[in-house]
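Let's have the full structure, built from the sequences with the hints guiding it.
Chains as they are written, first to last, in this note's numbering: chain U, 1 to 192; chain S, 1 to 192.
These are computed hints drawn from the structure, not numbers from a lab.
All C-beta atoms in this analysis are idealised placements derived from N, C-alpha and C, irrespective of residue type, glycine included.
Check each hint, because a few of them may be wrong.
Examples of chain S residues lying across from chain U (beta carbon under 8 Å, computed) [as the list claims (entries may be wrong)]:
1. PRO106
2. GLN132
3. PHE133
4. PRO134
5. VAL139
6. HIS140
7. ARG143
8. ALA154
9. GLY159
10. PHE161
11. VAL170
12. ARG174
13. VAL182
14. SER185
15. PRO187
Number of protein chains: 2
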Amino acid sequence: MARANLTSAVVIAAAADLADREGFDAITLSALARRFGVQTASLYSHVRDRSSLLDGVHELALGELADRVAIAIGGRSGRDALIALADAHRDYARQFPGRWAALQRPAAPSTVNSEAAGHLVALTLAMLRGYQFPETELVHATRLLGATINGFLALEASGSFGHREPTTDVSWRRALDALDTVFRSWPTDGKS
Amino acid sequence: MARANLTSAVVIAAAADLADREGFDAITLSALARRFGVQTASLYSHVRDRSSLLDGVHELALGELADRVAIAIGGRSGRDALIALADAHRDYARQFPGRWAALQRPAAPSTVNSEAAGHLVALTLAMLRGYQFPETELVHATRLLGATINGFLALEASGSFGHREPTTDVSWRRALDALDTVFRSWPTDGKS
DNA sequence: GTTTTCTCCTACAGGGAGTAGGGTGGGGGC
DNA sequence: GCCCCCACCCTACTCCCTGTAGGAGAAAAC
Chain U
1 MARANLTSAV VIAAAADLAD REGFDAITLS ALARRFGVQT ASLYSHVRDR SSLLDGVHEL
61 ALGELADRVA IAIGGRSGRD ALIALADAHR DYARQFPGRW AALQRPAAPS TVNSEAAGHL
121 VALTLAMLRG YQFPETELVH ATRLLGATIN GFLALEASGS FGHREPTTDV SWRRALDALD
181 TVFRSWPTDG KS
Chain S
1 MARANLTSAV VIAAAADLAD REGFDAITLS ALARRFGVQT ASLYSHVRDR SSLLDGVHEL
61 ALGELADRVA IAIGGRSGRD ALIALADAHR DYARQFPGRW AALQRPAAPS TVNSEAAGHL
121 VALTLAMLRG YQFPETELVH ATRLLGATIN GFLALEASGS FGHREPTTDV SWRRALDALD
181 TVFRSWPTDG KS
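Here is the structure:
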């Protein structure tokens, strides 16, 4: 009986592929075991439990997303960088729906402190600095940016926009235009 | 053995309460059966399957949310109405996290065509008309509004904003200010 | 009072999460 | 080149959840 040579990383990668092909909820220890021709119990040597497996997929996706964002915004600034960053997110969400769904789960503490998370945050801040906010406003802008991108992609993925005209592409452009406008004319005084 | 006098509505309401108390994933036919002192199989007379039960909670929440929004925006317009509508959503999400989670699921076809859904859409459009968009831009504004509100609340609920200073309350105000600004200066020409 | 109609029941099949403990084969020590 | 050990994968089980089939009994219809 040939060994499967499983490792934690291999199992997590397979889980991510499975999620992209059959949906996030299809991530099942049983399904992965079948895929590797192995008993379910064997996977528990490599993965603590299902929850930590999902956390692993989350972190994997975060790293991949950060790499794509880095490439996308390289050499750009201001509005161009904003659009590149947002489009990188949208492309990733469409190409890897299962991985994207994993990103919607609350991040595990270890993920929050991971290199991937730090990288993505740094890239986002670098992009936003092109808009020259007061330092205290950067957080709010970051949150608005994240909310808008994630919110739009979530509604788009769930079909809440319907498949009616006009296309969501136009709405997406409008949303990014709106963010650019808002970021450029961000209120500078401390009203709350 | 006393009858439990179950109906579809009673089961759905209990599921919603359960979700608010113990989380959306705690909605389980078994748990509901225990709650009613009844066998699991008995519930299938009132609910087709688990999925349709979740759809029921979705529609219930949609109706409750629409009622709250209606009260909130009554007599207001423009920026005041926008803030009232958004705050109604946020208050609802915080007070009923389980019901809110149910709203994040893709809506069933029957829910899309439900009275509750129509009501909420009508209220949203009524609020947005205060900003006097070109008719063709209303869709895009609606989508941006939904994306921002849902996205913000999702990130807030999942703890993505951390519990750091400054508080999310300030970020929320900023986000609503941004929406108001954007809605008032919405581009009127047809650039795409 | 009889009949009909629900409501709820027992019983079962199927499948996933997770644990306990045992056998084995391949790489490291020598 | 041989042996030993441990990492890897196994069997066997428990528990919980979903969903189906068919039966009993109480309430309502007549």
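Hint check results:
1. PRO106: Where the cut-off is 8 Å and the nearest Cβ of chain U is about 4 Å from PRO106 of chain S, the hint holds.
2. GLN132: violated, 16 Å
3. PHE133: violated, 11 Å
4. PRO134: violated, 12 Å
5. VAL139: holds, 6 Å
6. HIS140: holds, 4 Å
7. ARG143: holds, 4 Å
8. ALA154: Since the shortest Cβ distance to chain U is 7 Å, the answer is holds.
9. GLY159: Result: holds, 5 Å to nearest chain U Cβ.
10. PHE161: Status holds, d = 6 Å.
11. VAL170: With a minimum Cβ separation of about 5 Å from chain U (threshold 8 Å), the hint on VAL170 of chain S holds.
12. ARG174: holds, 4 Å
13. VAL182: It holds, given that the least Cβ distance between VAL182 of chain S and chain U is near 4 Å, below 8 Å.
14. SER185: holds, 7 Å
15. PRO187: Result: holds, 7 Å to nearest chain U Cβ.
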